[in-house]
Structures are given as C-alpha cells and as structure tokens.
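K.L.:
Protein chains in written order, with the working numbering: chain R, 1 to 145; chain Y, 1001 to 1120.
Since the hints were made in silico from the structure, they are not lab data.
Please note: incorrect hints may appear among the correct ones.
What the hints assert, rightly or not - Below are the DSSO-like pairs computed for lysine-lysine, each with C-alpha atoms no more than 30 Å apart in a straight line: (1) R:101 with Y:1090; (2) R:128 with Y:1090; (3) R:128 with Y:1026.
What the hints assert, rightly or not - FRET-style restraints, in silico, Cβ to Cβ: (4) Y:1055 with R:41: 45 to 53 Å; (5) Y:1047 with R:38: 27 to 35 Å; (6) Y:1028 with R:93: 32 to 40 Å.
All C-beta atoms in this analysis are idealised placements derived from N, C-alpha and C, irrespective of residue type, glycine included.
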Amino acid sequence: MADPTRRALGGPGVVLVVVYGLLALAATGRSVLQLLSYYDRAPLAYTLSALAAVVYILATWCLVRGGRWVRVGVWACSVELVGVLLVGTASYLVPDAFPDKTVWSHFGQGYGFVPLVLPVLGLLWFRKVQREATASESAGTTATV
Amino acid sequence: MIQPLTYVVVALAVVLFAGSVYYAVKDRLMDDRLLAVAGLVEVGLLVLLVLGLANLGHITDSTEKATFAAYLVSLPLIPIGTSLLTIKEKSRWAMGSMAVGAFAVAVMAVRLQQIWNTYG
C-alpha cells in the first residue's frame, strides 16, 4: 500500500515515530530547562543534552517524511548510537561532568535504556525501507501498488 | 484536587494502554469506544494543565517547578499525536503506538504526582 521510496512510516515504523517523538519531547524539554536555568553547572553535559534533542527531532522528522530523508535518518540514528555509547561510558568514567541525569548519560538509564536500543531499531528500520526501495526500483515498478 | 485527578488520569491511561494492547493483539483498528477513552485521558490532562499552572506556586523549588510545568504542557500532546496516527496508519501497529503513548502518559502522570506530593 505505502510507497517505500516515499514513506518510511507504515507498519512498525509508526511505533518508532511515537517512541522517537516522545524522546524528542523529553530531551527538548529537559535540555531547554537545563540550558536556561543552570547551564554553568555542567556546560558539556547540557550541550550534549541539547544535541541529543536536536538529533531526536531530526530522526522523528526523517521517519515521518521518508523518501530522501531516509539517508539523513541513517546519519541521525548513527550519531545517536555513537552519542549514547560515548556519553554513557563517559558518565561512568567522569561522573563529575554529568551531575544530573541527561537522556544519554548512564546509557539512558533514566529512560529505561530506551535511548540505547532505539538507534539500533531505527537503523534496522531505515535499512529495511532502503532495501524495499531499491528492490522496487530494480523490479522496474514505480511502487504504486 | 490535583492529586486525585492524577490518580484518575493514571487509571484512564492504564485502561487505554490495556485496550490498545488488546486491540493490537486482536488486530483490531481504533474504534469509537477506545477513542472515547483517549478523549477522556485528554480531557483529564487538559484540566490538569489548567489546575497545575494555576497552582504552580505550591512547588517551591524552581527546578522542580519547571519540570512540573514542562510535564503539564507536554502531556496533552501525546494522546492527540497518537490518536492522529491511528487515523493515518490503519494497522495494528498504530494500536501499538497508542499503547506506547498511553504508557508514557501513565508514567509521566505518576511523576507529576510524585513532584506534587513532595510539597505536601
């Protein structure tokens, strides 16, 4: 039904959209709060928090739009995965730099480790969408079924 | 007033969650009955938003006050977003996202209540 070259939404993708949307909401809310009210306490952690928020919003957008945004989405999810691993490790090694919970610190423990699992699911989903797109292209159809 | 209302919202969100999971498993699409539950959750969250903002002075710590306000504002967006998705996406996956959204509402409403209770 859905044209995979145009839409990443459809099927399981819709659940990802909601989870991504929720994290985007949570990360944005939290980082705006942190940056506005006590930025000086941990500038690095809070800047990373804001970066996480931007990446989540971008990934949500890519999931909804599909099409050429799929490639951007792959980048967003990759940045996310690297981010959660780096920040997660750093928050254990240098706890002083991360006094408050952020989305990525302690591998997303404060969010039930969802931030750790989500980029993997996102990447798998985007890859599936890409694969279906190439499959329909090589079949010579315009995928309007 | 806020505390009992959060209980009601959490209970309704749990009903919505259970209903959505049931629909997803049975491969049923959104119907009026479940949409009505989502509507009730939404009304509860909107009343909570108004009451919460009006009584924001109850929370003295500025950080917690800001968190409380951010939750109040974010919460009503969730049922609207997931309900709209069930219109666009006609499959059991839409019911799955409805369930995820309802679960998030329940958790966030419990957090709201925890913050509120800290201040008696």
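K.L.:
Next step is simple, just say for each hint if it's right about the structure.
P.N.:
Cross-check of the supplied hints:
A distance of roughly 37 Å separates the Cα atoms of residue 101 of chain R and residue 1090 of chain Y; the hinted pair therefore is violated under the 30 Å criterion. Between the alpha carbons of residue 128 of chain R and residue 1090 of chain Y the distance comes to roughly 20 Å, so the proposed pair stays at or under 30 Å and holds. For the hint pairing residue 128 of chain R with residue 1026 of chain Y, the CA-to-CA distance comes to about 25 Å; that is within 30 Å, so the pair holds. Take residue 1055 of chain Y and residue 41 of chain R: their Cβ atoms lie about 28 Å apart, and the range 45 to 53 Å is violated.
Distance hint check for residue 1047 of chain Y and residue 38 of chain R: the Cβ-Cβ separation is about 31 Å, which falls inside the suggested range of 27 to 35 Å. For the pair residue 1028 of chain Y and residue 93 of chain R, the supplied restraint of 32 to 40 Å is violated, since their beta-carbon distance comes to about 49 Å.
Checked against the numbered hints listed earlier, the structure breaks hints 1, 4 and 6; every other hint is satisfied.
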